[in-house]
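Given the coordinates of chain E, work out where chain C should sit on it, guided by the hints.
Here is what each chain is made of, one letter per residue.
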Amino acid sequence: MRITCPLCGARDLREFSVTGSAALLNRPEEGAELPEWDDYLHNRDNPAGPSDELWYHSGGCGAWLVVRRDTTSHAVLDVRLASEQKT
Amino acid sequence: MRFNALQILKQGLTGNRGWAPQWRNPEPKPEYDIVLIGGGGHGLSTAYYLAKKHGLTNIAVLEKGYLGGGNVGRNTTIVRANYFLEGNSQFYSHSLGLWENLEQELNYNVMLSQRGQLMLCHSDGQRDAFARRGNAIVNQGDDAELLSPEGVRALVPYLDYEQLRFPIYGGLLQRRAGSARHDAVAWGYARGADRLGVDLIQQCEVTGIDIENGAVRGVQTTRGSIRAKKVAMVAAGRSGQVAAMAGMRLPVESHVLQAFVTEGLKPCIDHVISFGMGHFYISQSDKGGLVFGGDLDFYPSYAQRGNLPMKEHVMEAAMTLMPMIGKARVLRSWGGIMDMTPDGSPIIDRTDTKGLYLNCGWCYGGFKAVPASGDCFAHLIATDQPHEAASRYRLDRFKTGYGLMDEEGTGAQHNLH
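As they're listed, the protein sequences go chains E and C. Note that full-length UniProt numbering has the first sequence beginning at 1, numbered continuously upward. Note that full-length UniProt numbering has the second sequence beginning at 1, numbered continuously upward.
With the rest of the complex left out, here is chain E:
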């Protein structure tokens, strides 16, 4: 599996680590109710197919990336900077 970092180009899987679903970018507001936090921290859509995930280019530029990847084939469909995704 190779991931094309928008800043560094195509790099080996070993340069990256994954944190989980890109839904982690949508952190609940301060003072949100417990069920909302539980959903954010623990529950997952866990899709079989295209999935947006939060990856970190730890062995490269240090950028956080949103990688759209097919979990049934490992095909990388799209890579964007998380900073652009969030705004």
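Some clues are possibly wrong.
Stated by the list, open to error - SDA-like cross-link-like pairs, simulated, lysine to any residue; straight-line CA separation at most 25 Å:
{"no.": "1", "chain 1": "C", "residue 1": "K311", "chain 2": "E", "residue 2": "S58"}
{"no.": "2", "chain 1": "C", "residue 1": "K311", "chain 2": "E", "residue 2": "A32"}
{"no.": "3", "chain 1": "C", "residue 1": "K229", "chain 2": "C", "residue 2": "E86"}
{"no.": "4", "chain 1": "C", "residue 1": "K29", "chain 2": "C", "residue 2": "N58"}
{"no.": "5", "chain 1": "C", "residue 1": "K311", "chain 2": "E", "residue 2": "C5"}
{"no.": "6", "chain 1": "C", "residue 1": "K399", "chain 2": "E", "residue 2": "C5"}
{"no.": "7", "chain 1": "C", "residue 1": "K399", "chain 2": "E", "residue 2": "A23"}
{"no.": "8", "chain 1": "C", "residue 1": "K52", "chain 2": "C", "residue 2": "G214"}
{"no.": "9", "chain 1": "C", "residue 1": "K64", "chain 2": "E", "residue 2": "Y56"}
{"no.": "10", "chain 1": "C", "residue 1": "K354", "chain 2": "C", "residue 2": "H54"}
{"no.": "11", "chain 1": "C", "residue 1": "K399", "chain 2": "E", "residue 2": "N26"}
It is worth saying that the hints were derived from the structure and are not from the lab.
For chain C alone, kept in the frame of chain E given last:
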């Protein structure tokens, strides 16, 4: 047909033409008391214990592929009861007890081989942790022996004891642990459940779960709709998709775990051995192949295969621990879909929908759990009360933070287990 020595002799002398199929292949009925979604190890054992212990036989097991075609056929067949935490320890203790009587119970040779499982430690801290874990296991009523480096060397002389990077400080041995034949466990429970009247329906994928007024009414399948008073989801790595049909999001991420087998060799590794300084564990199958595995690839996956970096890590760890393995050629590798929970422990619980039950989150430890998972899940479905050995496997423990079972002590968070 019961298996016994006389049968084998008789069939052998008459050309083995008298063996009958081990289970029926029935058409689904329009209605059952209980429908189990998933015909793997856990689903089949649940069906068996529902029929055997609770006398409930109007049951269907729906399997989208073939029986035992998922993780129960894709694991590394280790059976052990060496967990540390309250909640896990009594559950796996119960499971090992059921394993030890399984062949008599099912009249089926599951090839349980209690060859002993040895975990190695490589530092003072790790040895202290093993001493503590060993005491917990003994207190639970199971067996554990803390071995000195000399004790380990006497048991398994072929490890690399000379290297300085990861010296072997000792090991924790559980003699009652070992391995079993993976397919036979699924087949044995399938045959047992079928003989008690359970319908095992293959090539039948569930496409919807019918819920009315907060209570389950049945399921939609590729072979028509089936009404049911109770529906139980036991779909391992695919639990997320099944639960979504009931409008649920689970605290589960599906990951890939790889395993490997070498060409068949003469007997050389008599135990199950796990390395403490890298992700590597190994045993030898009855066919002679060295069966070994490592850790997750650590990205969500349903592909049932992994990538090369983890393969490389596992091979490096293998060569570090037992250089002799370098002469063996790897025959195959494969991956299974692990339903990972935030704390690394499973879920056996009711849901907010009346009559809908959930069994999932076995992470990378589902095989050894097959008997107790079935027993405890059957108890829950039949009585609506949790079995005492599985009372802590609650779905709401992540929400409340109470009763988390994080064996590794890394935190109850996805991607840490």
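Now the hints, each set against the structure:
1. With a C-alpha separation of about 21 Å, the suggested pairing of C/K311 with E/S58 holds against the 25 Å cut-off.
2. Distance check on the hinted pair: C/K311 and E/A32 sit about 43 Å apart at the alpha-carbon level, beyond 25 Å; violated.
3. Taking the CA atoms of C/K229 and C/E86, the gap is near 33 Å; set against the 25 Å cutoff, the hint is violated.
4. Distance check on the hinted pair: C/K29 and C/N58 sit about 10 Å apart at the alpha-carbon level, within 25 Å; holds.
5. Of the supplied pair hints, the one linking C/K311 and E/C5 holds, its CA atoms being roughly 24 Å apart against a limit of 25 Å.
6. A C-alpha spacing of about 35 Å is found between C/K399 and E/C5, which places the hinted pair above 25 Å, so the restraint is violated.
7. A threshold of 25 Å between alpha carbons decides the hint, and for C/K399 with E/A23 the separation of about 18 Å falls inside it, so the pair holds.
8. In summary, the hint linking C/K52 to C/G214 is not supported, as the alpha carbons are separated by about 30 Å, beyond the 25 Å threshold.
9. Our distance criterion of 25 Å between C-alpha atoms is broken by C/K64 and E/Y56, whose separation comes to about 36 Å.
10. Among the hinted pairs, C/K354 with C/H54 is consistent with the structure: their alpha-carbon atoms are about 20 Å apart, no more than 25 Å.
11. Only pairs whose Cα atoms come within 25 Å are accepted, and C/K399 paired with E/N26 is accepted, the gap being roughly 18 Å.
The earlier numbered hints that this structure contradicts are 2, 3, 6, 8 and 9.
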